[in-house]
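Enquirer: Protein chains in written order, with my numbering: chain V, 1 to 292; chain Y, 1 to 287; chain A, 1 to 298.
No wet-lab data here; the hints were simulated from the structure. A couple of the hints might just be wrong.
Claimed, not checked - Pairs of lysine-lysine, DSS-like flavour, derived with a Cα cap of 25 Å: (1) V:Lys103 with Y:Lys134; (2) V:Lys34 with Y:Lys134; (3) A:Lys106 with V:Lys184; (4) A:Lys46 with V:Lys93; (5) V:Lys142 with V:Lys124; (6) A:Lys232 with V:Lys142; (7) Y:Lys41 with V:Lys101.
What the hints assert, rightly or not - Using C-beta positions, here's what the derived DEER-type ranges look like: (8) V:Ile111 with A:Ser49: 34 to 42 Å; (9) Y:Leu272 with A:Val285: 32 to 40 Å; (10) A:Trp7 with Y:Pro84: 17 to 25 Å.
All values derive from a computational prediction rather than experimental measurement. C-beta atoms are modelled at their ideal positions from N, C-alpha and C, and glycine is treated no differently.
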Amino acid sequence: MKRVLTVFLGVSFLIISCGSVDASTAAASDSSAKYIENKGSDTIVNLALAWAEKYQAEHPDIRISVTGGGSGTGIAALVNGTVDIANASRKIKDEEIAEAKSKGINPVEHIIARDAIAVIVNPKNPVNQLTLQQISDIYSGKTSNWSEVGGEDRPIVKLSRETNSGTHVYFLETVLRLGNKDDKTLFSMDTLLLPSSEGIVSEVRSNPNAVGYDGLGYVPEDLKTLAIAKEAGGMYVLPSIQTVNDKTYAIARDLYMYTDGEPSGVIKEYLDWILSNEAQQIVADLGFVPAK
Amino acid sequence: MKRLFAQNRHAVQRIGFSLITLMAVITVLPIVGTVIFILIKGGPAISWEFLSGFPHDGMRAGGILPAIIGTLYLTTGTAIFSVPLGIAAAVYLAEYAQDNRLTRLIRLAIINLAGIPSVVYGLFGLGLFVLFLKFGTSILAASLTLSIMTLPVIISTSEEALRAVPQAFRTVSISLGATRWQTIRRIVLKEALPGILTGVILGLERAAGETAPILFTGAAFFLPRLPGSPFDATMALPYHLFVISTQVPDMPIQIQYGTALVLLAFVLTMNLIATVIRSRARARRQW
Amino acid sequence: MEKSLTWREFVITRLIQASGYSAIIFVLLIFFFLIREGLPALVEVKISSLLSVRWYPIEGYFGLLPLITGSLIVTLGATLIAVPLGIGTAVYISEIAPRWMREILKPLVELLGGLPSVVLGFLGILIVSPFLRVLLDLPTGLTAFSGSLLLGAIAVPTVVSVAEDALDSVPRAYREGAWALGATPWQTIWRVTLPAARSGVLTAIMLGIGRAIGETMTVMMVTGNAPVLAIKLGSLFSPVRTMTATIAAEMGEVANGSSHYHVLFFIGMVLFLISLVVNIIASSVVFRAKKRAERILS
Chain V
1 MKRVLTVFLG
11 VSFLIISCGS
21 VDASTAAASD
31 SSAKYIENKG
41 SDTIVNLALA
51 WAEKYQAEHP
61 DIRISVTGGG
71 SGTGIAALVN
81 GTVDIANASR
91 KIKDEEIAEA
101 KSKGINPVEH
111 IIARDAIAVI
121 VNPKNPVNQL
131 TLQQISDIYS
141 GKTSNWSEVG
151 GEDRPIVKLS
161 RETNSGTHVY
171 FLETVLRLGN
181 KDDKTLFSMD
191 TLLLPSSEGI
201 VSEVRSNPNA
211 VGYDGLGYVP
221 EDLKTLAIAK
231 EAGGMYVLPS
241 IQTVNDKTYA
251 IARDLYMYTD
261 GEPSGVIKEY
271 LDWILSNEAQ
281 QIVADLGFVP
291 AK
Chain Y
1 MKRLFAQNRH
11 AVQRIGFSLI
21 TLMAVITVLP
31 IVGTVIFILI
41 KGGPAISWEF
51 LSGFPHDGMR
61 AGGILPAIIG
71 TLYLTTGTAI
81 FSVPLGIAAA
91 VYLAEYAQDN
101 RLTRLIRLAI
111 INLAGIPSVV
121 YGLFGLGLFV
131 LFLKFGTSIL
141 AASLTLSIMT
151 LPVIISTSEE
161 ALRAVPQAFR
171 TVSISLGATR
181 WQTIRRIVLK
191 EALPGILTGV
201 ILGLERAAGE
211 TAPILFTGAA
221 FFLPRLPGSP
231 FDATMALPYH
241 LFVISTQVPD
251 MPIQIQYGTA
261 LVLLAFVLTM
271 NLIATVIRSR
281 ARARRQW
Chain A
1 MEKSLTWREF
11 VITRLIQASG
21 YSAIIFVLLI
31 FFFLIREGLP
41 ALVEVKISSL
51 LSVRWYPIEG
61 YFGLLPLITG
71 SLIVTLGATL
81 IAVPLGIGTA
91 VYISEIAPRW
101 MREILKPLVE
111 LLGGLPSVVL
121 GFLGILIVSP
131 FLRVLLDLPT
141 GLTAFSGSLL
151 LGAIAVPTVV
161 SVAEDALDSV
171 PRAYREGAWA
181 LGATPWQTIW
191 RVTLPAARSG
201 VLTAIMLGIG
211 RAIGETMTVM
221 MVTGNAPVLA
231 IKLGSLFSPV
241 RTMTATIAAE
251 MGEVANGSSH
261 YHVLFFIGMV
271 LFLISLVVNI
281 IASSVVFRAK
291 KRAERILS
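Modelling step: build the complete structure from the supplied sequences, incorporating the hints.
Expert: See the structure below:
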């Protein structure tokens, strides 16, 4: 048994030292490393990750850690003072600004990209287009069968992001409530709140009854995206970089990064780089809309 | 009439036994099936690059080294805190404690610790270690949280192992003039070591596979380099699997299965080691 | 030499004693923290709101009932699966299987207990949910039932290990006595062995239930997380939202100190109390059974 233990310890020692070698070479160049903590929106997280990878390749002395958790998580972390940059796919709320100010944090907004929210259905679903009002009625529970909007006789299974997601909040305000601030409509109680975009995608992909929504960057090609009209009788528009920029697509939004006060030093350099052509090309590559 | 009754009993038995056997099969088959399934689906993804490289391209390619190392760090951290404390507590219960109310209370506390949901441990860890003690989202906070969670397993299995050592060993030692602690240290602990080790490994195995306690206390979505200090956050295998199977679009399915396989292999290896220790100790036992 | 020996002995003994008390300290610490952060919820949110049927925290709807019923229905389903299968398997391993098979099966079942919950959740979203949707012709496969199925799988090893230990420790004399009186092995199991191991088996069941209630990742990935009041029979085959998934999904987003934060800790407190009650019942059952056994055997 002693032999087994020795072998085991030896192997684990080897593995850990392999890792440590990597870490120590990093640490050697790390003594002057600057750390940027980036947290928040799951919509932005893959974009932020791509940016972080590109930037770190060009600036090896900067370390950027990227975490998701939802826009609410990022803003909460900014308010608690535990991150440098908060990613949010919705605007910061007034209550959050007040909370931040009370803790001495001054959130400053930067628009870093644009996004279209695509409403997706299973490829076998015959429905191709809907108006905003129809989508609102579906998600609030008023419409519960696909046949009511021109589809087959199937129950509508509604998929949504979790409440901590900026995408969720944006969808609530813009689609369910049609932009009306005093409207109190809520998602129907039987809406499935999935913890991530991938959850929505895989369910829509395998379930002909499903409808979901998410950022265009997250929608794979094999799912059907619905064309949306702002009003009944209006033009039905599919989401794309063009229709977002010329504002014909009804559900488009800005994506934000928030910092504590005006950024300076390495954070400022990073944010400036994010608005450069190189970084904005990555935006387009990932299916989002460049900020300009 | 009597004969009919007798035949009836045996028919009932035959049906009953088949039913029970069926139940056992239903229970066991999925386990084997699951492991084999993940092995088949995840096997192709395993390569030296996968195990030793960093993730690239938004984690859709490359390896999962930081997650593996992170899990190793967390497991080690958990062991550092929970093993000494757990074994000491087990020694207390097996060797020193009297059968009074206080001891019953301690046992109740242990059973309760064992029953607390893992996400409540996460909440507690967030409240105490991350926020109150200001350790932040770190390996330290996550390890401390995991170690409190692992404590009941280590205490109960270690206590059982200590109790299994025959009283005669202790009596002889004391009669030869050794103090209580000397007896425990040199004789009882040594004899109980395999059982204790089994418990420790099984406890650490559970800690290695848990996601909820580390969600808000130490896990990170992506870190560019390995963590350099206990105050850094870290990637970890269970959290990584959760993230790549639910948060990242266009994640190649093979990488998902590959990660699941690595996590499974990690956990099963620990299980295997514990089982081997236990059976060899049982075979070698002199009492 | 004598003095330093006894002094060292004294210090070590005190340290060991302190370690022994540590379990109580930790439980109290956890309880204290949960209360400290959770009780303000009762102040900040009206009780009537907490008992309402809408859970939508970002707009101030903190109704806990859908979450509680969600947890209950998933746990109930899991218990209905895990208890019969678990006890049946335990009976098989302990009473029916030949010795060589027992040596294989016991570690195998323990292996299942070691499977990380996130791996089961992973397989759940990829395979179990779509399969159930097609098989039972449901609107979606992300339901309480999928959760119960996987939770049952997680809880079964616990039930099997503890129940098997209990059955194993029933003295051989009991069985031999029954056989001598002419009972078949089957009758012996059901009328003699199992009743004799009753307290251990009950403990096994309670531990299994405890494991099911507390599971987080698996339910978060496969139950759909829809905060619906799960009280109809059909609710088992609809999406639900459990208390544990709610905490895991929302904890990251809350601002430290907000009402939402306090309510989540309050839910944690409720979970803690539920497991406390389950454990107290289980240990009092065992305690009373032990006393009864002592009376009979003495």
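Enquirer: Decide, hint by hint, whether the structure agrees.
Expert: Verification of the supplied hints:
no.	hint	result
1	V:Lys103 with Y:Lys134	16 Å, holds
2	V:Lys34 with Y:Lys134	21 Å, holds
3	A:Lys106 with V:Lys184	56 Å, violated
4	A:Lys46 with V:Lys93	24 Å, holds
5	V:Lys142 with V:Lys124	23 Å, holds
6	A:Lys232 with V:Lys142	21 Å, holds
7	Y:Lys41 with V:Lys101	51 Å, violated
8	V:Ile111 with A:Ser49: 34 to 42 Å	37 Å, holds
9	Y:Leu272 with A:Val285: 32 to 40 Å	35 Å, holds
10	A:Trp7 with Y:Pro84: 17 to 25 Å	21 Å, holds
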